[in-house]
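Protein chains: 2
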Amino acid sequence: MTVSILKHVPFFSGLNKTELNKILAIAGIKKYAADQMVFAKEDLGNNFFVVKSGRIKIFTTVGSDKKKTFAFLKKGDFFGEMSLLGCKTRSASAQAAEESELFVISKKNFKRLILENPEFTLKVLHTLAERLSKCNKDIESMLFHNILGRLADAILELSKDKHTSPVKMAIDQNELAQYLGTTRVPVCRAINTLKRSGVIDYHRGELIILNAARLRSISGKTN
Amino acid sequence: MTVSILKHVPFFSGLNKTELNKILAIAGIKKYAADQMVFAKEDLGNNFFVVKSGRIKIFTTVGSDKKKTFAFLKKGDFFGEMSLLGCKTRSASAQAAEESELFVISKKNFKRLILENPEFTLKVLHTLAERLSKCNKDIESMLFHNILGRLADAILELSKDKHTSPVKMAIDQNELAQYLGTTRVPVCRAINTLKRSGVIDYHRGELIILNAARLRSISGKTN
Numbered sequence: 001m002t003v004s005i006l007k008h009v010p011f012f013s014g015l016n017k018t019e020l021n022k023i024l025a026i027a028g029i030k031k032y033a034a035d036q037m038v039f040a041k042e043d044l045g046n047n048f049f050v051v052k053s054g055r056i057k058i059f060t061t062v063g064s065d066k067k068k069t070f071a072f073l074k075k076g077d078f079f080g081e082m083s084l085l086g087c088k089t090r091s092a093s094a095q096a097a098e099e100s101e102l103f104v105i106s107k108k109n110f111k112r113l114i115l116e117n118p119e120f121t122l123k124v125l126h127t128l129a130e131r132l133s134k135c136n137k138d139i140e141s142m143l144f145h146n147i148l149g150r151l152a153d154a155i156l157e158l159s160k161d162k163h164t165s166p167v168k169m170a171i172d173q174n175e176l177a178q179y180l181g182t183t184r185v186p187v188c189r190a191i192n193t194l195k196r197s198g199v200i201d202y203h204r205g206e207l208i209i210l211n212a213a214r215l216r217s218i219s220g221k222t223n
Numbered sequence: 001m002t003v004s005i006l007k008h009v010p011f012f013s014g015l016n017k018t019e020l021n022k023i024l025a026i027a028g029i030k031k032y033a034a035d036q037m038v039f040a041k042e043d044l045g046n047n048f049f050v051v052k053s054g055r056i057k058i059f060t061t062v063g064s065d066k067k068k069t070f071a072f073l074k075k076g077d078f079f080g081e082m083s084l085l086g087c088k089t090r091s092a093s094a095q096a097a098e099e100s101e102l103f104v105i106s107k108k109n110f111k112r113l114i115l116e117n118p119e120f121t122l123k124v125l126h127t128l129a130e131r132l133s134k135c136n137k138d139i140e141s142m143l144f145h146n147i148l149g150r151l152a153d154a155i156l157e158l159s160k161d162k163h164t165s166p167v168k169m170a171i172d173q174n175e176l177a178q179y180l181g182t183t184r185v186p187v188c189r190a191i192n193t194l195k196r197s198g199v200i201d202y203h204r205g206e207l208i209i210l211n212a213a214r215l216r217s218i219s220g221k222t223n
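Sequences listed follow chains A and B, in order. For what it's worth, this note's numbering labels the leading residue of the first sequence as 1, then goes sequentially. For what it's worth, this note's numbering labels the leading residue of the second sequence as 1, then goes sequentially.
Excised from the complex, chain A in its bound form (with noise of 0.2 Å):
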């Protein structure tokens, strides 16, 4: 492996050449296929893993078939580092939502980095705020909206990284469901709702936002 892969991780992006060729010396890349799980909730944690490339989705389960999707990762973000930092079993489960590799670094790896690396802390520290940030906001849409705002801010979320226009992705009504920690059928209900009223298309499997702006509104979200 050499510094230029990690280069173009974001992640890594701002740590200087010394920084970068400490942690090409202590990491480790691990390959995994679609649907492999990296872990469950529960294990013990003793990994903290960065995305090199594909897609992972983090969620929790309840009983034998409930799920909740929190999100769903890509190349440059970390994971991991919760069950590294005081809480010992992994908060949630991590599993391939498409053929992955990942960055492996060791517990012990990961503390020195952190003791040793104020730029690397930062950018951790920064990453925590938002989730909970996030994770605060997703309590407060729970709360206080309908399914369809919540559906509108789970579309609005998810397409986040998507410059075309119109925005156009590929997502599956059981994995909005998940994200929403909801069944399918309402959602499907939602869908139908937003499509009717001109705000997205839906079709085999291929959303596309035709009005943006409508859709913030609706969300809730005035940014």
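Everything labelled a hint here was simulated from the structure, so no lab data went into it. Don't take each hint at face value.
Put simply, identical chains are the same to the list, so a pair is met inside one copy or across any two.
Stated by the list, open to error - Okay, derived cross-link-like pairs now, SDA-like style, lysine to any residue, Cα gap no bigger than 20 Å in a straight line:
#1 111 x 15
#2 162 x 39
#3 168 x 119
#4 30 x 76
#5 75 x 197
#6 66 x 182
#7 41 x 15
#8 108 x 121
#9 41 x 143
#10 67 x 141
#11 195 x 26
#12 168 x 10
#13 137 x 127
#14 137 x 210
#15 66 x 133
#16 107 x 204
#17 41 x 219
#18 107 x 122
#19 88 x 37
#20 41 x 2
#21 75 x 10
#22 67 x 134
#23 74 x 149
#24 66 x 217
#25 31 x 122
#26 66 x 219
#27 111 x 214
Small disclaimer: the values here were computed from a predicted structure and weren't measured.
Start from chain A and add chain B according to the hints.
Just chain B now, with coordinates in the frame of chain A:
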């Protein structure tokens, strides 16, 4: 102010004398009367706070009347870091729930502390990871539990630091309702259910936990 005051604040324990003196040099102390606002959601954030004494309520409002309490913070807890770490405006409101004193550290000095004191930073990281884990659990609880389970959850969370046997605490039903992000009527019903089954007693604003094991089982917590 002397080092000995800081030493008794859990958040600063673990720092050595040089580090404590650094904090002394940059922290101010501010007093708040009961019900006084520290900051409001959407304010521009310029300060980091550590609770010296009293109790601070962190909450959000949606519309003109709906409130959700995220946490009550006590001596040694910190808050206000979120808008110093990327999210420029305050993501929630903070209000003194009783007469309180706060250590106040400016944004510039907070960043310097973070960059120069790995031990301090590690504490902030640990706490953010814990809060994120609690937030994820709140979402799980909201998605998968009924009001009874969520009430049991909230009672356990709020009584975490009480060490009398049986646990007694002063809490009013409006406060509980806001903690659950709901209204008083369903909370009142759920309290009566728990009373009738001998799990708690509740009289004139004082709640007593009579059967903690049952309460944990209703909340779905195994630990």
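Comparing the hints with the structure gives:
Proximity of residue 111 and residue 15 under a CA criterion of 20 Å is satisfied in both settings, with 17 Å inside one chain copy and 18 Å between copies. Taking the shortest Cα distances, residue 162 and residue 39 never come within 20 Å of each other, neither inside one copy (28 Å) nor across copies (35 Å). Neither within a single protomer nor between protomers do residue 168 and residue 119 lie at most 20 Å apart by alpha-carbon distance, with minima of 35 Å and 45 Å respectively. Only within a single protomer do residue 30 and residue 76 lie at most 20 Å apart by alpha-carbon distance; the minimum there is 15 Å, versus 41 Å between protomers.
For the homomeric pair residue 75 and residue 197, neither the shortest alpha-carbon distance inside one copy (35 Å) nor that between copies (52 Å) is at most 20 Å. In the homo-oligomer, the alpha carbons of residue 66 and residue 182 lie at most 20 Å apart inside one protomer (8 Å), although the nearest pairing across protomers, at 23 Å, exceeds that limit. When the C-alpha separation of residue 41 and residue 15 is checked against a cutoff of 20 Å, the pair qualifies neither within a copy, at 31 Å, nor between copies, at 33 Å. For the identical chains of this complex, residue 108 and residue 121 are neighbours both inside a copy (15 Å) and across copies (17 Å), given an alpha-carbon limit of 20 Å.
Proximity of residue 41 to residue 143 under the C-alpha cut-off of 20 Å is restricted to the inter-copy arrangement: shortest distance 17 Å between copies versus 25 Å within a copy. When the C-alpha separation of residue 67 and residue 141 is checked against a cutoff of 20 Å, the pair qualifies both within a copy, at 18 Å, and between copies, at 12 Å. For the identical chains of this complex, residue 195 and residue 26 are neighbours neither inside a copy (49 Å) nor across copies (56 Å), given an alpha-carbon limit of 20 Å. For the homomeric pair residue 168 and residue 10, neither the shortest alpha-carbon distance inside one copy (24 Å) nor that between copies (50 Å) is at most 20 Å.
Proximity of residue 137 and residue 127 under a CA criterion of 20 Å is satisfied in both settings, with 15 Å inside one chain copy and 19 Å between copies. Taking the shortest alpha-carbon separations for residue 137 and residue 210, neither the intra-copy value of 25 Å nor the inter-copy value of 35 Å comes in at or below 20 Å. Taking the shortest alpha-carbon separations for residue 66 and residue 133, only the inter-copy value of 19 Å comes in at or below 20 Å, while the best intra-copy value is 24 Å. In this assembly of identical chains, the alpha carbons of residue 107 and residue 204 never lie at most 20 Å apart, being 43 Å within a copy and 49 Å across copies at closest.
For the homomeric pair residue 41 and residue 219, the shortest alpha-carbon distance between copies (18 Å) is at most 20 Å, but the shortest distance inside one copy (30 Å) is not. In this assembly of identical chains, residue 107 and residue 122 lie within 20 Å of each other by CA distance both inside one copy and across copies; the values are 18 Å within and 14 Å between. In this assembly of identical chains, the alpha carbons of residue 88 and residue 37 lie at most 20 Å apart only when taken from the same copy (19 Å versus 36 Å across copies). When the C-alpha separation of residue 41 and residue 2 is checked against a cutoff of 20 Å, the pair qualifies neither within a copy, at 33 Å, nor between copies, at 45 Å.
For the homomeric pair residue 75 and residue 10, the shortest alpha-carbon distance inside one copy (7 Å) is at most 20 Å, but the shortest distance between copies (38 Å) is not. Taking CA atoms no more than 20 Å apart as the test, residue 67 paired with residue 134 passes in both settings, with 19 Å inside one copy and 18 Å between copies. For a Cα distance limit of 20 Å, the shortest separation of residue 74 from residue 149 qualifies neither inside one copy, at 25 Å, nor across copies, at 35 Å. Taking CA atoms no more than 20 Å apart as the test, residue 66 paired with residue 217 passes between copies only; the shortest distance there is 19 Å, against 29 Å inside one copy.
Neither within a single protomer nor between protomers do residue 31 and residue 122 lie at most 20 Å apart by alpha-carbon distance, with minima of 28 Å and 30 Å respectively. In this homomeric assembly, residue 66 and residue 219 come within 20 Å of each other (Cα to Cα) only across copies, at 17 Å, whereas the closest approach inside a single copy is 24 Å. Taking the shortest alpha-carbon separations for residue 111 and residue 214, neither the intra-copy value of 45 Å nor the inter-copy value of 39 Å comes in at or below 20 Å.
In terms of the numbered hints stated before, the structure departs from hints 2, 3, 5, 7, 11, 12, 14, 16, 20, 23, 25 and 27, listed from lowest to highest.
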